[in-house]
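> The residues making up each chain are set out below.
Protein chains: 2
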Amino acid sequence: MLKIKHKSDIEIAQEAPIKPIQEIFGDLDILEDEIEYYGKYKAKISLEFLNRVKTKPDGKVILVTAINPTPAGEGKSTVTVGLGQALNLLKKKAVIAMREPSLGPTMGIKGGAAGGGYSQVIPMEEINLHFTGDIHAITTANNALSALIDNHIHQGNECQIDPRRITWKRVLDLNDRALRNVVIGLGGPANGTPREDHFDITVASEIMAILCLASDLDDLNKRLSKIVVGFSYEREPVTVGDLGYEGALTLLLKDALKPNLVQTLEHTPAIIHGGPFANIAHGCNSLLGTKMAAKLGDYVVTEAGFGADLGAEKFLHIKTRAGEFSPAAVVIVATVRALKMHGGVPKDKLGISNKDAMLAGAENLAKHIESIESFGLPYVVAVNRFVTDSEEETDALMKWCGEHSHPAALTEVWEKGGAGGIELAEKVLETIGHTENHFDYLYDLNDSIKDKIEKVAKSVYGAKGVDFSSKALKQVKEFEQFGWSNLPICMAKTQYSLSDQPELLGRPKDFTLTIRELKPSIGAGFLVCLTGDIMTMPGLPKKPAALSMSVDENGKARGLF
Amino acid sequence: MLKIKHKSDIEIAQEAPIKPIQEIFGDLDILEDEIEYYGKYKAKISLEFLNRVKTKPDGKVILVTAINPTPAGEGKSTVTVGLGQALNLLKKKAVIAMREPSLGPTMGIKGGAAGGGYSQVIPMEEINLHFTGDIHAITTANNALSALIDNHIHQGNECQIDPRRITWKRVLDLNDRALRNVVIGLGGPANGTPREDHFDITVASEIMAILCLASDLDDLNKRLSKIVVGFSYEREPVTVGDLGYEGALTLLLKDALKPNLVQTLEHTPAIIHGGPFANIAHGCNSLLGTKMAAKLGDYVVTEAGFGADLGAEKFLHIKTRAGEFSPAAVVIVATVRALKMHGGVPKDKLGISNKDAMLAGAENLAKHIESIESFGLPYVVAVNRFVTDSEEETDALMKWCGEHSHPAALTEVWEKGGAGGIELAEKVLETIGHTENHFDYLYDLNDSIKDKIEKVAKSVYGAKGVDFSSKALKQVKEFEQFGWSNLPICMAKTQYSLSDQPELLGRPKDFTLTIRELKPSIGAGFLVCLTGDIMTMPGLPKKPAALSMSVDENGKARGLF
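Listed in order, the protein sequences are those of chains A and B. As numbered in the working numbering, residues 1 to 561 make up the first sequence, in order. As numbered in the working numbering, residues 1 to 561 make up the second sequence, in order.
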C-alpha cells in the first residue's frame with residue numbers, strides 16, 4: 001500500500017531544491033539574448049527565438065485531457081507535469097506547456113493550479129500570485145478599452161455606439177461577486193454616461209483568448225482590432241479597429257505575449273503561458289508557448305481545461321487550426337474515485353471500495369475514448385492512482401482497459417513524481433511509435449453554424465439533437481449576415497456532464513442539447529455557444545483562504561494552499 | 001542662443017545606448033544574491049541588502065522641489081535626473097530616487113513622467129507602462145480588500161460594517177471617469193449587497209502611500225492592518241486587522257515592496273519606486289527606495305510632488321519622520337515661464353520676453369524659499385532654462401537671486417544632460433559643505449489637529465487663518481476620540497496656488513484656508529485634510545494618446561510621448 005504523505009503542496013514546493021533559471025536554459029537551444037529574466041527562477045523567451053529556429057522540426061505534441069471532472073478530482077495538471085518528468089527520466093527531451101493560474105480563486109479556496117505533490121511547477125507561490133505580470137497586463141488592456149469606449153461616448157460618440165448594447169465588459173483578476181452587475185457613469189455630466197456594466201474575472205476576457213491564439217505581434221494586433229465591443233444604434237457591430245485602439249492595446253500586451261519558462265520539481269522545463277476559461281473560451285495555454293515548447297523539446301506535454309468533451313474538442317478544433325499542427329497522441333486521465341461518482345456513488349461514500357460502481361462509471365471514460373478515436377488520434381488512458389483507491393478497483397479498471405484494447409497505464413505522479421509516471425511515459429512512446437495517426441476535424445469551417453454545433457453535440461457529447469432558443473436562432477442569422485459563419489465554434493457547457501445538465505453523470509444518452517445564446521469572439525476567432533448560465537465572475541466563500549495567508553519573517557508565503 | 005532639438009523624449013530614450021542592468025550594479029555595493037532581474041534593464045533589490053549594510057553611513061539626501069506648478073511646466077523631474085547625472089560627472093557617487101509613473105495618464109495625454117530630453121531614466125517605455133508590476137500588485141491588493149469587504153457583508157457581516165459607511169474604494173491604474181461613481185452588488189441576493197462605490201486611480205490608494213512609508217515587511221503588515229475600511233452601524237471604525245486580511249494583503253505586496261533599479265541616459269543609477277498622489281497622499285517615492293539610495297551613493301537626489309508648499313512640506317513632515325532622517329539640502333526649481341505666469345502673464349503671451357512680470361512672479365519663489373528656511377535647511381535655486389527664455393530674463397532672475405543672497409544656478413539639463421547641471425551640482429555641494437543645517441519640523445505631533453493645520457497654513461502657505469467646515473470640526477472631535485490626533489497631517493490642496501484657490505497665483509496674502517473635510521489614512525499614518533474637491537480619478541481627453549500608439553515591426557513602442 002502507498003503511504004499518505006502529510007506535506008502540503010506548498011511545503012513540498014518550498015522545500016524542493018530549485019535551480020537558477022539559467023541552468024534550465026543551459027540545456028536548451030536558446031541564446032542569452034533571447035532570454036529576459038524575471039527574478040531568479042522565472043524568465044520570458046523572446047519571440048525572436050521562434051524566428052531563429054523556424055526550420056527546426058517540431059517536437060511531438062502530447063495532449064493530456066480527462067473524463068468529465070467531478071469534485072473528487074482527476075489530477076490532470078499533476079499527470080501533465082508527472083508525464084513530462086517521466087519522459088525526462090527516460091532520457092527523452094520533454095518540455096511541458098501549461099496554463100498560468102488566475103490569482104482570483106487563490107484568495108478564495110485553497111488549491112494550487114500548477115500540479116500537485118511531487119509533480120508541480122515551481123516557484124509555486126510566484127506562479128500562483130503575480131507571476132510575470134501577464135494577467136495584470138490583460139486586465140489593464142481590457143479595462144483601458146472599457147475606459148476608451150466610455151470616453152468615446154462621453155466625447156461625442158462619433159461611432160454611434162448604443163450604450164445599451166455594449167457587450168465589452170470590464171475585468172479584474174479576483175473573485176468578486178459584487179461586481180457582476182453594476183451601474184457606472186453616475187454623478188452627472190462630468191462623470192460619463194450612466195449605463196449597466198459587468199465585471200468578469202480576467203481569464204474570461206476575450207483578450208486572454210486572443211493572447212493564447214495569436215501567432216505573433218502582428219497577428220495579435222489584427223485580432224485585437226477585430227474585437228466587437230458592442231453594437232451601434234443601427235445594430236451594426238462596432239469593433240476596436242473602428243475606434244482605432246488596437247495599437248495601444250498591442251503596446252500594453254507586447255511583453256505579455258512572450259511565453260514564460262519555469263521548471264518542475266525535477267527541473268523539467270515548463271512553459272507556463274496564458275490561461276483562458278475553458279467554457280466561454282478554449283481553455284488551452286498559449287499557442288506561442290506550445291510552439292516554443294515544440295522547438296525546445298522532442299516531446300511537448302500539454303493540457304486543455306475540463307474534460308475531453310470541452311478541453312480536447314476545443315484544443316483540436318480551435319487551437320490546432322490556429323497553429324496548423326497535429327498532436328501525436330492524447331492521454332486521457334481517469335481516476336477510480338471520479339469513475340465511482342459517474343457510477344452513482346455519492347461523494348461521502350467514495351472512500352469505500354466499489355468496483356461495480358466504478359465499472360459502471362467507466363462508460364464516461366468510454367465515450368471520451370470514442371471521441372478521441374473519431375478525431376483519428378492515438379491515445380493512452382492514464383489511471384491516476386489515489387492513495388485511497390483499493391487494489392481491487394485499480395486492477396479492475398486496468399482489466400477493463402485491457403478487455404476493450406485501450407492502451408492504459410497506472411500513474412502515481414502525485415506521490416512519486418516522474419518515477420510514478422514511467423509506465424505511462426513508456427506506453428505513450430510506444431503508442432506514438434506504433435499507432436497510425438489520422439488526425440482530422442469533426443466539422444468543416446464551411447459548415448453552417450448550426451451544423452457545426454450539431455456535429456459536436458452528436459459526435460462528442462452523444463446528444464440525440466440540438467434545440468436552439470429563438471434568441472439563438474435570431475443570432476445565427478445575424479452572425480451569418482455579419483460574415484462570421486466560417487469561424488469555429490466554442491461551446492460553453494457545464495464541465496460536469498457530457499450533456500448540458502450537470503446532474504447527468506456517466507454517459508447520458510437520449511438528451512437534447514439546448515443552445516440558449518451565442519456570443520461573438522471575433523478577435524479570438526470563434527463563436528461562443530452558450531448552453532446555460534456560465535459563471536464568468538466567481539465569488540468568495542464564507543471563510544476565504546485569504547484569512548489564513550501571511551508572509552513569514554524570511555519573506556516566504558504561508559497559508560497559500 | 002540654444003538650439004531647439006526636434007527629437008521627442010521617446011526618440012532620445014530609444015536611441016540612447018543602454019547598459020545591461022548588471023553593469024549598473026557592478027559599480028555599486030550590492031551582492032548578486034540581492035538582485036532580482038526583470039528583463040535586461042530593470043531589477044529589484046532585495047530588502048536583505050539593507051540589513052547587510054545597516055552600519056554603513058548614509059549618503060546625503062538632496063530634495064528637489066519647486067515653485068507652484070503652472071501649465072507652463074518647471075521640469076522638476078528633469079532637474080532631479082540632470083542633477084544626479086551632473087554629480088556623477090563631478091566624480092561624486094550619486095544615486096537618484098524617484099517615483100514610478102502611473103500608467104493611467106499615459107493613455108490620455110502625451111507626456112513622460114521619468115524626466116525629459118537628455119535627463120531621463122530608461123528604459124523609458126517600460127518604466128511608463130507595466131514596469132516591474134508594483135502598481136499592478138497595489139491594484140490587486142486594493143481590490144482584493146474590496147472584494148473581501150463585500151464578501152464579509154454578503155456572508156453575514158460579523159463585523160457589522162454599515163454598507164453606507166464603507167470608505168474603502170476600488171481602484172484601477174487608468175483614467176476612467178465613468179467609474180468615479182458606481183452602484184455595485186446588483187442582480188439579487190446571489191450577487192452581493194447593493195451599495196454605492198467609487199473607483200480611484202491606483203496611485204491614490206492608501207496602499208500606495210503605505211508601501212511608500214513602510215520600513216520593512218513587518219511594518220508593511222502592521223500598517224495594512226491599521227487601514228480603516230469604513231464604520232460599523234455603531235459608527236466605530238472597522239479596520240483591516242478587525243477583518244483579518246492584513247496577511248493576505250502583505251503576501252500580495254511582498255515583491256512590490258522591493259525597490260527597482262534602472263539607469264539614466266548617462267548610466268547614473270536610479271531607484272524608481274512607489275508613486276503616491278501628492279494631494280491626498282504625501283507624493284514621494286518609497287522610503288525604502290530613498291534609504292537604499294542613501295546606502296548605495298554618497299549623494300541621493302530625490303524629489304517630491306507638486307510645489308514646495310505640498311511636496312516639500314510633506315516630505316519633511318511625513319517622510320523624514322517615518323524614516324528618521326534629515327535632508328542635507330533642498331533644490332528649488334523655478335522657470336522664467338512659470339514665474340511670468342505667477343506675475344500675471346496669460347499662457348498665450350509666455351513667448352514674449354517680460355522681465356518685469358517675471359520679477360513680480362518671483363514673489364512665489366520667495367515664499368517657498370522662506371518656507372524652506374523656516375525648516376532650517378540649506379537650499380539652492382535652480383533656474384531651469386527653457387529654449388524660449390530670453391537672456392534678459394534669465395540674467396534678471398539670477399540677479400534677483402543674487403540681490404536676495406539666494407544661492408542659485410542656471411540649468412540646461414533637458415538640452416545637455418548632466419553637463420547642463422554642473423553649475424547647479426557645484427552650488428549644491430558648496431551649500432552642503434558651507435551652510436549650517438538646523439533641520440526641524442514646523443509642528444509637533446502632540447499639537448492638536450487644528451494647531452497642526454494652522455501652523456502649516458500660516459507658515460508654509462502664508463494664510464492669515466483657517467476656517468473649518470462644520471463637518472471638519474465634527475470629524476476633528478471624532479478623530480480625537482478614536483485616538484488619531486497625534487498623527488501628522490497631509491494637506492490636500494490645489495497645487496497651482498499657495499492658497500486653496502487655484503486662480504490666486506504669485507504670493508497670495510490675506511486669504512483664509514478652508515478645511516472642508518478630513519479623511520483618516522491610519523495605515524499610511526496621516527490625516528488627510530481636504531481643502532476642496534480633489535480629483536482622485538482622472539478622465540481621458542477627446543483625442544486620447546492611445547489613438548496614436550502602436551508597436552513597430554521590431555517590437556518597439558511608437559506614439560508613446
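By construction, these hints were calculated from the structure, which means they are not laboratory data. Honestly, I wouldn't trust all of these hints.
No copy labels: a pair is met if it fits in one copy or bridges any two.
Restricting the straight-line Cα-Cα distance to at most 25 Å, the calculated cross-link-like pairs of lysine to any residue (SDA-like) are [to be verified]:
hint: 1; residue 1: K471; residue 2: D218
hint: 2; residue 1: K455; residue 2: D219
hint: 3; residue 1: K40; residue 2: G323
hint: 4; residue 1: K542; residue 2: E196
hint: 5; residue 1: K19; residue 2: K93
hint: 6; residue 1: K399; residue 2: E34
hint: 7; residue 1: K471; residue 2: S353
> Of the hints given before, which are not true for this structure?
1, 2, 3, 6, 7
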